[in-house]
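Novice: Using the sequences and the accompanying hints, generate a full structural model.
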Amino acid sequence: MDYTQQKRIAVIATVYTYLSHAQHFADRFVVGYPYGGHWVRPNTPIVSLYVDQKPAGDQSVDRAREFGFSVYPTIAEALRCGGDKLAVDAVLIIGEHGSYPKNEKGQIQYPRYEFFKECVKVFEQDGRAVPVYNDKHLSYSFAKAKEMVDDAHRLKFPLLAGSSLPVTWRLPDLELPLGCQIEEALMVGVGGSDAMDYHALEAMQCMIERRKGGETGVQSVQLIQGDEVWKAGEDGRWSKELLEAALSRSDSPQGKTIEDGRTQDLLGNGELPGLVKEPAAYFIERNDGLRTTLLMLNGAVGDYCFAAKLKGQELPVSNQFFLTPVPNVTYSACLVEKIVEMIYTGKAPFPAERTLIVNGALDSCLDSKVQGNKKLETPHLKVVYQAPAESQHARF
Amino acid sequence: MAKRPKVAAIATVYHKYSHAQHIVDRFLEGYGWNSRHHRPPMDLVSLYVDQVNPENDLSPDRARRFPQMKIYPTIADALTLGTSSLAVDGVVLVGEHGNYQTNAKGQRLYPRYEFFKQICAVYRQSGRSAPVFNDKHLSWNWAWSKEMYDLSKELGFGFMAGSSLPVTWRTPALDLPWGAQVEEGMCVGYGGVDSYDFHALETLQCMVERRQGGESGVKWLQAYRGDNFWKAHHERLWSRELFEAGLSRSHTIAPGRAGFNDTFPTIDELKQLVKDPIAYQYEHGDGLKSTMVLLNGLIQDFNFAGRIKGQAEPFSTQMYLPMPPARTSLANFFTPQVNHIESLILTGKSPYPVERTLLTSGLVEAGVDSLHQEQKRIETPHLKVEYTAPKESTFWRT
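Top to bottom, those sequences are chains S and C. Per our numbering, the first sequence runs over residues 1 to 396. Per our numbering, the second sequence runs over residues 1001 to 1398.
None of these hints come from the bench; they were simulated from the model. Note that CB positions come from ideal geometry on N, CA and C, so glycine has one too. Fair warning: there could be bad hints in the mix.
[As the list claims (entries may be wrong)] Just the calculated beta-carbon pair ranges, DEER-fashion:
| no. | chain 1 | residue 1 | chain 2 | residue 2 | range |
| --- | --- | --- | --- | --- | --- |
| 1 | C | R1039 | S | G192 | 47 to 57 Å |
| 2 | S | K311 | C | G1259 | 48 to 58 Å |
| 3 | S | P273 | C | P1325 | 16 to 26 Å |
| 4 | S | P273 | C | D1061 | 33 to 43 Å |
| 5 | C | V1052 | S | G274 | 28 to 38 Å |
| 6 | S | G192 | C | E1283 | 50 to 60 Å |
| 7 | S | K277 | C | P1325 | 16 to 26 Å |
| 8 | C | D1276 | S | G57 | 30 to 40 Å |
| 9 | C | E1283 | S | P273 | 58 to 68 Å |
| 10 | S | E341 | C | G1310 | 24 to 34 Å |
| 11 | C | R1108 | S | D62 | 44 to 54 Å |
[Claimed, not checked] Calculated lysine to any residue pairs in the SDA-like style (CA-CA distance at most 25 Å, straight line):
| no. | chain 1 | residue 1 | chain 2 | residue 2 |
| --- | --- | --- | --- | --- |
| 12 | S | K382 | S | F157 |
| 13 | C | K1271 | S | W39 |
| 14 | S | K231 | C | C1120 |
| 15 | S | K256 | C | K1384 |
| 16 | C | K1309 | S | W39 |
| 17 | S | K146 | S | A195 |
| 18 | C | K1016 | C | T1083 |
| 19 | C | K1006 | C | G1127 |
| 20 | C | K1309 | C | G1213 |
| 21 | C | K1153 | C | P1351 |
| 22 | C | K1391 | S | D173 |
| 23 | S | K146 | S | F283 |
| 24 | C | K1016 | S | F396 |
| 25 | C | K1271 | S | G32 |
| 26 | C | K1016 | S | G270 |
| 27 | C | K1016 | S | N269 |
| 28 | C | K1016 | S | R41 |
| 29 | C | K1271 | S | G261 |
| 30 | S | K256 | C | G1127 |
| 31 | C | K1231 | C | G1213 |
| 32 | S | K256 | C | R1039 |
| 33 | C | K1391 | S | F396 |
| 34 | C | K1016 | C | K1003 |
| 35 | C | K1146 | C | R1128 |
| 36 | C | K1105 | C | K1391 |
| 37 | S | K144 | S | V370 |
| 38 | C | K1016 | S | V370 |
Specialist: Structure follows, in structure tokens:
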């Protein structure tokens, strides 16, 4: 790939403050980032920026001054760099952090859809579209997310979206064989909803999408909470063997380990229910019959671990998605590398449908949560796609 | 071995996050391994602790919860289980942490050699020996390190030693191609003299030992510190390309400027962040030059970079330490090490050569000596330690 040609970037952000997603991502385009044993200095300058909110600690003005770009009052002006035609080669939409209202499902209503539609309007008016990166999930609403993906297909521009978890280092460096037969999959996550459950679901999705036949969409979801989660384990609704496998990859068990440093068989020693005050299980059944479960286990561990049982294998496979230390969070550099790849190749390294289906599964799980934890059929989530054959996570 | 092997643990101290706690706990409590909570197929039956501080000593709690393990007042008793001859099938010697004196050169005088001699005395008296794992370097004193090595040969037991750096996760999960022609090697790490320098040296050694011809020993070592370091760096006594490749594998570069979270330091920022840089540079018997760099204030991880003949780009990786308490609650880099100790005890053979650690033990001492003698070059004819690395990788990959 010829990276010598300069590509001009517009950044559309909710806020640009220290350790906001916008700062993590946009900064890497101007100061470079570590990848593949190099400090990569991409030939992709930021030429324009739109920030929706400027709270205390706003860095947009300082960054614009230091790195020679302009901050525009509207998204359209940012994309046109103050002129009358689209004047950038790619757009980064980073709608994470900032002060936005939460809905009754607990979703923060970040205006990613609205930002995206402003971009689409410019693309349509100017008769040209450029690659778009959308940070995290597309929208809190599946309908809006679906429209975004449909827009990208209609206007034929590459759309890359999602979390850093699918592209970060894995401990061990596990990739499921393309076309494998998965009997069951389980993910352990921690943190709040609807931020960290999203990351965990997308981490699981990037693994299971490689199964035989590819992704077939989601048939039904159910989110259960509290003691029902443990009971469901006893009833075999989620696999204890897979939970043991996922927990075996954790570097951060809580409880007795915090007290005196000991290793723990958290499932076997019976400590789990005492540690996790508010467990939640997200049951997501696929159209091809695959059962997948996300267990949010705040209080038990502090990391994100995956496990799956492959047909014909005695032991489960498992890995930790390695969230590298703060403040560097070099895992986001892995995603920036993918953005740069998309900008130069004109092709998203992995399909936005991955994020779309996670978007939909999460949205429906939260519906289940507010509707008394009932099981919901999800015929609208027939998101069908094939995983890229080549691995996209950090390996070299 | 039809029955489950019995293991004795000999430790300086046993408190939270001491090496003994990390290692012995994994035998007692088990640990995550290959998608299971693995329980070693052997019984840790005896424990000797040299220094017991009632305020933080965990050994009574462990003895209470694991009745198969008894605490003994002497090393000999721990090995004989209070009888008159050797009654265990393996010994784990963890002489790290605890209140021990330092000498004029600043070396902490951990009694690993003394403990080892007592172990060997039981072996001689019993007419039988058992495999020994020695945590970290053999001894602070080269002659004693060499004697430990020689005793293991004389008494004919499997001897494994060293740091967990060679066996922990790597990002990326790559090993130096076996038999590669290595033109230069470097470890960019952090920590202090006579402590983490050993880990950095093992990081470097576990990679360069895989080169064509195997390890040929070390002819000389020179340390650089402070202004001498910057002068050597400026004069490119070590490769700038490898230095930058190693740093680019770090997950922890301290930002040189407020308001930024991940930047590559300029030389001015490097000098501002790293108040006391240290390098040990040394030449191997076959002419290879290796450099270990400690950059306290800049990074908090260990990264290897090497130049391989015929390859346009440096080969580099990070040996990742999930280090508690800041990042994790478990120091899981001890996990693959304990798994290898199990293999040592089950097979009687060390999974990787103890000569690596014999050499790095001597290199630590040479580094300390050079720093203590105005950073002069130390000739090391005694470090003609020759060995061949196993072709199969021994770091954590599964």
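Novice: Each hint: holds or not?
Specialist: Going down the list of hints, with the structure as the test:
{"no.": "1", "hint": "R1039/C / G192/S: 47 to 57 Å", "result": "violated, 35 Å"}
{"no.": "2", "hint": "K311/S / G1259/C: 48 to 58 Å", "result": "holds, 51 Å"}
{"no.": "3", "hint": "P273/S / P1325/C: 16 to 26 Å", "result": "holds, 25 Å"}
{"no.": "4", "hint": "P273/S / D1061/C: 33 to 43 Å", "result": "violated, 23 Å"}
{"no.": "5", "hint": "V1052/C / G274/S: 28 to 38 Å", "result": "holds, 31 Å"}
{"no.": "6", "hint": "G192/S / E1283/C: 50 to 60 Å", "result": "holds, 55 Å"}
{"no.": "7", "hint": "K277/S / P1325/C: 16 to 26 Å", "result": "holds, 22 Å"}
{"no.": "8", "hint": "D1276/C / G57/S: 30 to 40 Å", "result": "holds, 33 Å"}
{"no.": "9", "hint": "E1283/C / P273/S: 58 to 68 Å", "result": "holds, 59 Å"}
{"no.": "10", "hint": "E341/S / G1310/C: 24 to 34 Å", "result": "holds, 27 Å"}
{"no.": "11", "hint": "R1108/C / D62/S: 44 to 54 Å", "result": "holds, 47 Å"}
{"no.": "12", "hint": "K382/S / F157/S", "result": "holds, 22 Å"}
{"no.": "13", "hint": "K1271/C / W39/S", "result": "holds, 19 Å"}
{"no.": "14", "hint": "K231/S / C1120/C", "result": "violated, 54 Å"}
{"no.": "15", "hint": "K256/S / K1384/C", "result": "violated, 47 Å"}
{"no.": "16", "hint": "K1309/C / W39/S", "result": "holds, 22 Å"}
{"no.": "17", "hint": "K146/S / A195/S", "result": "holds, 19 Å"}
{"no.": "18", "hint": "K1016/C / T1083/C", "result": "violated, 31 Å"}
{"no.": "19", "hint": "K1006/C / G1127/C", "result": "holds, 18 Å"}
{"no.": "20", "hint": "K1309/C / G1213/C", "result": "holds, 14 Å"}
{"no.": "21", "hint": "K1153/C / P1351/C", "result": "holds, 16 Å"}
{"no.": "22", "hint": "K1391/C / D173/S", "result": "holds, 20 Å"}
{"no.": "23", "hint": "K146/S / F283/S", "result": "holds, 22 Å"}
{"no.": "24", "hint": "K1016/C / F396/S", "result": "violated, 35 Å"}
{"no.": "25", "hint": "K1271/C / G32/S", "result": "holds, 21 Å"}
{"no.": "26", "hint": "K1016/C / G270/S", "result": "holds, 22 Å"}
{"no.": "27", "hint": "K1016/C / N269/S", "result": "holds, 20 Å"}
{"no.": "28", "hint": "K1016/C / R41/S", "result": "violated, 43 Å"}
{"no.": "29", "hint": "K1271/C / G261/S", "result": "violated, 36 Å"}
{"no.": "30", "hint": "K256/S / G1127/C", "result": "violated, 42 Å"}
{"no.": "31", "hint": "K1231/C / G1213/C", "result": "violated, 33 Å"}
{"no.": "32", "hint": "K256/S / R1039/C", "result": "holds, 18 Å"}
{"no.": "33", "hint": "K1391/C / F396/S", "result": "holds, 21 Å"}
{"no.": "34", "hint": "K1016/C / K1003/C", "result": "violated, 32 Å"}
{"no.": "35", "hint": "K1146/C / R1128/C", "result": "holds, 21 Å"}
{"no.": "36", "hint": "K1105/C / K1391/C", "result": "violated, 37 Å"}
{"no.": "37", "hint": "K144/S / V370/S", "result": "holds, 20 Å"}
{"no.": "38", "hint": "K1016/C / V370/S", "result": "violated, 44 Å"}
In the structure shown, a violation is registered for the earlier hints numbered 1, 4, 14, 15, 18, 24, 28, 29, 30, 31, 34, 36 and 38, in ascending order.
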